[in-house]
Amino acid sequence: MANEPSFARPASSLMRTLSLDIARVTEGAAVAAAKLRGRGDERQADAAAATAMHRELAELAIDGRIVVGEGERDEVPLLYEGEELGVGGQPVDIAVDPLEGTTLCAKSLPGALAVVTMTERDCMLKVPDVYMEKIAIGPGYEPGLVSLDRPIEENLARLASAKGVRVSELTACVLDRPRHARLIEEIRSAGAAVALIGDGDIAGVIQTCKPDETGIDIYLGTGGSAEGVLAAAALACLGGQIEGRLWGLNDEQARHAETLGIENPRKIFRVEDMVSGDIIFAATGVTDGPLLPGARFFDGRIETHTVIMRSSTRTVRWIRAEHLDVRKFHR
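Residue numbers (the numbering used here): 41 to 371.
Since the hints were derived computationally from the structure, they do not count as laboratory data.
Please note that a few of the clues may not be correct.
[Said to hold, decoys possible] Below, in silico cross-link-like pairs of lysine-lysine (PhoX-like), each with a Cα-Cα straight-line distance of 25 Å or less:
1. Lys147 with Lys75
2. Lys166 with Lys307
3. Lys250 with Lys203
4. Lys75 with Lys368
[What the hints assert, rightly or not] Ranges between beta-carbon positions, derived for each pair:
5. Lys250 with Thr353: 14 to 24 Å
6. Asp291 with Lys250: 40 to 50 Å
7. Gly180 with Arg357: 14 to 24 Å
Heads up, the beta-carbon is just placed ideally off N, CA and C, and yes, glycines get one too.
Take these sequences, add in the hints, and give me the full structure.
This is how it looks when you write it as C-alpha cells:
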C-alpha cells in the first residue's frame, strides 16, 4: 500500500507557520462571497471573493507568485497568473479559486468553497484555462490502481476488487453536465451508482478520501484544469491518487500549453506531476456542503469553518472560528 507520498520533502518551519496564516485568506474570501449568497449574481460574488482573497494574500509574510489564478495578465484585475503578492518572506507558488462553485453561491446551493494552495517555489504545474479529464480515488491503494488509459468498467472492477466489494457497491461522483452523458451511462452499465454534483469538483475529489463518511468511492469526468491542480494538492496531503489530462484543446490552446512547459498535450499528470515539495491546502465553506459548513452570520459575530492540510506532516486541521471583530471583513 502507498501510505506516504514519495515526493514529500523535509518539513519547512516557515511553511508550518503559513499553514495557520493561510486560514485568514480563505476565511476572508468565503465571508465576502457568503454575503452574496442567493443573489443570483455569479460575477459579483466571484469578484467579492477575489478582492478579499487578494487583500489577505498581499498582507502575508511571503514572496508569493500566482501560478494558477483567475486568468492571465490583462484579462483579470486580480489574482492573475504571474502576479506577485506578499510583504516579503518565504518564496511560494500559489494556486487560488476564490469561489469554487460560483453558481452554487449565486443560487445558495450546497458546496461552494474558497480555496488556496501553496507550494515551495517551482513545485506547481502551470496549466492553461481549459478542461481536464480526471480520475481520483482516496488513500490506501497501490499506485496506478485506476487510470485514464483504462476503460471505465475496468477501473471500477479494479477498485471494487481492491476494496473487497462488488462493483454495485461503488458510487462515482460526476459533475452533472451534458458532456458526461456517455460517462454516466458507462458507469451505470458497469453496475456502479452515480452521485451527480452541480459544481465544485475540488470537493468532489476530496470526498473520495473518506468514502465511509461521504459515500463517494471514485471521482470521474472533466472539469477545470485549475481545479485539477488544487484537488491534487489536497490529495498530496491526504495520500489519495488523481490522474489528469488536458481535454479538448484547439491549436491555440495547445500552443499556449507548450509555452507553459507542457510539450505533450495528451500527457497524463499524476499528483507528483502537479504539485510537489511541502504543500499547504486550505478551504473555507461559503455555503453548507458535504465537506464544510458555510459561513454563518450572527448579531455581532461571524462563524467560519475551514480545513487546512499539509503534505509533509500529513496533518489535517478542521477549524471552527468565531470572529467577534466583524469589522476586519469590511476593509
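Comparing the hints with the structure gives:
1. Lys147 with Lys75: holds (12 Å)
2. Lys166 with Lys307: Given that 25 Å is the threshold and the Cα spacing comes to 14 Å, the pair holds.
3. Lys250 with Lys203: At roughly 13 Å apart (the allowed maximum being 25 Å), Lys203 and Lys250 satisfy the hint.
4. Lys75 with Lys368: holds (14 Å)
5. Lys250 with Thr353: 14 to 24 Å: Holds - the Cβ-Cβ distance for Lys250 and Thr353, about 19 Å, lies within 14 to 24 Å.
6. Asp291 with Lys250: 40 to 50 Å: holds (41 Å)
7. Gly180 with Arg357: 14 to 24 Å: holds (21 Å)
Of the numbered hints given earlier, the model fails none.
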